[in-house]
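So you can see what is in the structure, the chains are spelled out below.
Protein chains: 2
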Amino acid sequence: MTPPARIGDPIAQVDTPALLLDLDAFEANLQAVHGAVAGAGLALRAHGKAHKCVEIARRQVAAGAIGVCCQKVGEAEIFVDGGIRDVLVSNQVIGATKLARLARLSQRATVGVCVDHPAQIEALAKALREEGGRIEVLIEVDVGSARCGVVTPAEVVDLARAIQAHAPMMTLRGLQAYQGSAQHKRTPQARREAIAQACEKAAAARDALQAAGFACPVITGGGTGTYGHEAASGLYTEVQPGSYVLMDADYFANEPDPQAPVLRPVLEVLCQVISVRPGQVVLDGGLKAFAVDSGLPVPLADGWRSASISDEHLVLRTKPEATPRAIGIGDHVRLLTGHCDPTVNLHDWLVVHRGGRVVDVWRVDARGALF
Amino acid sequence: MTPPARIGDPIAQVDTPALLLDLDAFEANLQAVHGAVAGAGLALRAHGKAHKCVEIARRQVAAGAIGVCCQKVGEAEIFVDGGIRDVLVSNQVIGATKLARLARLSQRATVGVCVDHPAQIEALAKALREEGGRIEVLIEVDVGSARCGVVTPAEVVDLARAIQAHAPMMTLRGLQAYQGSAQHKRTPQARREAIAQACEKAAAARDALQAAGFACPVITGGGTGTYGHEAASGLYTEVQPGSYVLMDADYFANEPDPQAPVLRPVLEVLCQVISVRPGQVVLDGGLKAFAVDSGLPVPLADGWRSASISDEHLVLRTKPEATPRAIGIGDHVRLLTGHCDPTVNLHDWLVVHRGGRVVDVWRVDARGALF
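So the protein lines, in turn, are chains L and S.
With the first sequence counted from 1, adding 774 to any position gets you my numbering.
With the second sequence counted from 1, adding 774 to any position gets you my numbering.
Among the hints, erroneous ones may be present.
The list cannot tell twin chains apart, which means a pair is met if one copy fits it or any two copies do.
DMTMM-like, lysine to aspartate or glutamate: derived pairs with alpha carbons at most 25 angstroms apart [unchecked claim]:
1. Lys1093 / Glu905
2. Lys959 / Asp783
3. Lys959 / Asp1067
4. Lys900 / Asp1105
5. Lys1093 / Asp1067
6. Lys900 / Asp860
7. Lys900 / Glu910
No wet-lab data here; the hints were simulated from the structure.
Quick caveat: nothing in here was measured; it's all calculated off a predicted structure.
All chains should be built: construct the whole structure from the sequences, respecting the hints.
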C-alpha cells in the first residue's frame, strides 16, 4: 500500500483518512513520562500494543525504556525483527503454533510471557522442549480488573512451583499486576485508591512467593492513567505505560494528578469533507478509520460535533448554540479519537508532522498482528 | 503475514483469532439471492465493501453479478487488478490524488462514481482532462438516510447539466438511491414502507431528469435487508446487496420477508480460551478482532454470553438461568459478529471451511484500503 503522504508535503496534501502524529507533542510526552519514571527509580517497559510501530519502540528504548511489552506473539516477532532486545508478551499465550514461535523468538532476544493457569505452563514447556529457547515467566495477578490473573496467593505459589519444575528453560521473573480498569477513573483519588488496592493484592502475592522460598525480582504494571501511583508505591519495580505517546481523547477527561507531568494530545485522524448540506458535513472516514468503543471522534472544528458514524462516513452536525466554522467540500477536518489502540490498528501508516509539514511516515508494522 | 490455517487442517487447528467462512452457507446464499434478483429481471451489482476479497467478487460475477461496487478508490483498484471489469465506487470521491487514480483506473475497466455536488464534478473533470479516461457518473439521491445525496429534483437536474458539460469523458448513468437506514428495520412492513418512500424520491428525481431531456438508464440501490423491495418496485434497474455472502448477526434480528429466500449465517470468528475462572472464560480476540458498533459478539456456546470486551480480550460469563457448556483453557469458541464489514476489515484472511476442514484460505485483499 502506498503511504498517504510524502516527506515535505504540507498537511493539507495528505491523503485521507490518515493518522497524524504531532512530533513535538510526541517528544514532549516521551521526555515527560520517561523523566518522571526514571526520577522515581523504576524501570519503564513501554507498551507497544497501542502504537504497533517499530520506529516508536526504538525511540522509547533510546529514551531509556528497558524494552517493550505487547499482547501478541506476532507483535513480539515484529519488535524483535526491528531490533528491540527485550520483549514481554503481557498476556496469556495459547496454541501450539504460537508457543513454538515464542520459543524460537526467545533464541533471538529476551522474551517474557504471562501465565495464570498450570495448563499454560505445561504447553509452554512442551514448546520449549521441542523448539529450544528460554523464557521469562511472570505470574499474572488479578489486581482489580476481574479479567485474567490469579486471585489467591496460594495459586501464585502453585504456579511458581510449576514454573520452577521446568528450570532452566523457564525462569520465574515475578508478577504482572496491571490494573486496567483504573486507567480511566476520573479523579486522582479514585485512581490512587484503585492502585492502593492493587498494591495490596500484588504485595500479598509477593509475600506468599517469598515465604515459599521464591525470589520475586519484578513487579510490573501501570498504564498512562496511573503509572505515577505505581511508581510511588515502593512495591512495583517496573511500569508499562503505552498510550502516553499517542493519547486517547478519553484520557483528557481524567482530572489530572497534581504531581504528574501534563501530557499533550499527539494522535489525530485527518479526514476530508465529501458531502455537505445546511448544518451537516460528511467526512471520508467511518468505522474502518475510527474505533468507536470509547465514543465518537471529537472534531477539532469550532461549532461542530460528531452526529453519527457508518462504515465509511462520519456525519458532523453543527452545535445548536455555536457559530460554526464554515466547512466546504474538500476541506480537511482533524479529529481526536476516543481510543487510540484499536484506531491505530485500522491504519497502515502514521504521518508524522511538525510545523505544518510532513517530516516522516512511519509504518504501523504490527497492524493486524492478531495471533 | 502468514495465514492462520492450511488447506486440509481441521478447524480445531486454525490459529486464533480468525475469520471462518462456511462455504456451504456462502454458496447457498449466493444462489438464493442471485436467483431471486435474476427472477425479478434486475441486474445485481454485488457490494464488495463488506468482504474486500477478490475471490468472493469473482464468484459473485461468475454467479451472474454484472460487476461490483465498493466505497474507496483503493478497493476499486484491487478489484480491477483481480479481474473485475465493472466497478462502481458508490460514494463521493474527493481529493486530487484519488481522482487521478480513478481516472487512470477507468482506462482499464468500466468505472463509475457517485456525485451530489457540482464541486465533485469539476474536480473529476480536471482529473479526467489531466489523466485521460472516461467515467460513468451516478447522481446520488438522498432517499431517506440523511447522509450523502441531493434532496431536491432541481439539484439533480443541475448536476446532470454539469455532467453533460463534460461529455464524453463523463457519462450520466442514472441515480444512486440506496436507503441504508432501512436495512436493519425489524419488520417487513417497516422496510417496505421505507423503500416505498425511497422509490417516491428516486422516481421524482428520474422524472425531473427525463423532463429536462436526460436519459436515466440506471437506478441502483438496495442492500441485503431490502433488495426484494427494490426488485419488486418496477423502478430500480439494479440492486447492490453485499452482506448476503457473510451475514451480520444483526440481520437475523430482522423479522424475515415472507417472499425472500432464507439466508444462512456464513461468517464466524474463531477464538480460543486463554484464561478461566468459575463462571468466566477470557477469549483471545478483542476490539482488534471484532467491530462492536452493532453490539458484542454472540458466542455459539450454550449457556455463555459476552460480558465485556477490551483491546485483546473478550470476557464470556455464564448465563444465570442456563447449564453452561464446559469450556477450558485452549478450547475453541465460535462467535457471530454483529457487523461483518468493519470486522472483516480487521483481518487479513478468510479461512474457508466445509465438513469441518479448511478447504481454502482467501485473502482480504482490500483490508485497510482507506483512500
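Hints, one by one, checked against the model:
When the C-alpha separation of Lys1093 and Glu905 is checked against a cutoff of 25 angstroms, the pair qualifies neither within a copy, at 60 angstroms, nor between copies, at 41 angstroms. Neither within a single protomer nor between protomers do Lys959 and Asp783 lie at most 25 angstroms apart by alpha-carbon distance, with minima of 39 angstroms and 45 angstroms respectively. When the C-alpha separation of Lys959 and Asp1067 is checked against a cutoff of 25 angstroms, the pair qualifies both within a copy, at 16 angstroms, and between copies, at 23 angstroms. Within a single copy, Lys900 and Asp1105 get their C-alpha atoms only as close as 57 angstroms, which misses the 25 angstroms cut-off; across copies the closest is 18 angstroms, which meets it.
For a Cα distance limit of 25 angstroms, the shortest separation of Lys1093 from Asp1067 qualifies both inside one copy, at 23 angstroms, and across copies, at 24 angstroms. When the C-alpha separation of Lys900 and Asp860 is checked against a cutoff of 25 angstroms, the pair qualifies only within one copy, where the shortest distance is 23 angstroms, while the shortest distance between copies is 53 angstroms. In this assembly of identical chains, the alpha carbons of Lys900 and Glu910 lie at most 25 angstroms apart only when taken from the same copy (15 angstroms versus 60 angstroms across copies).
Hint violations for this structure: numbers 1, 2, all remaining hints satisfied.
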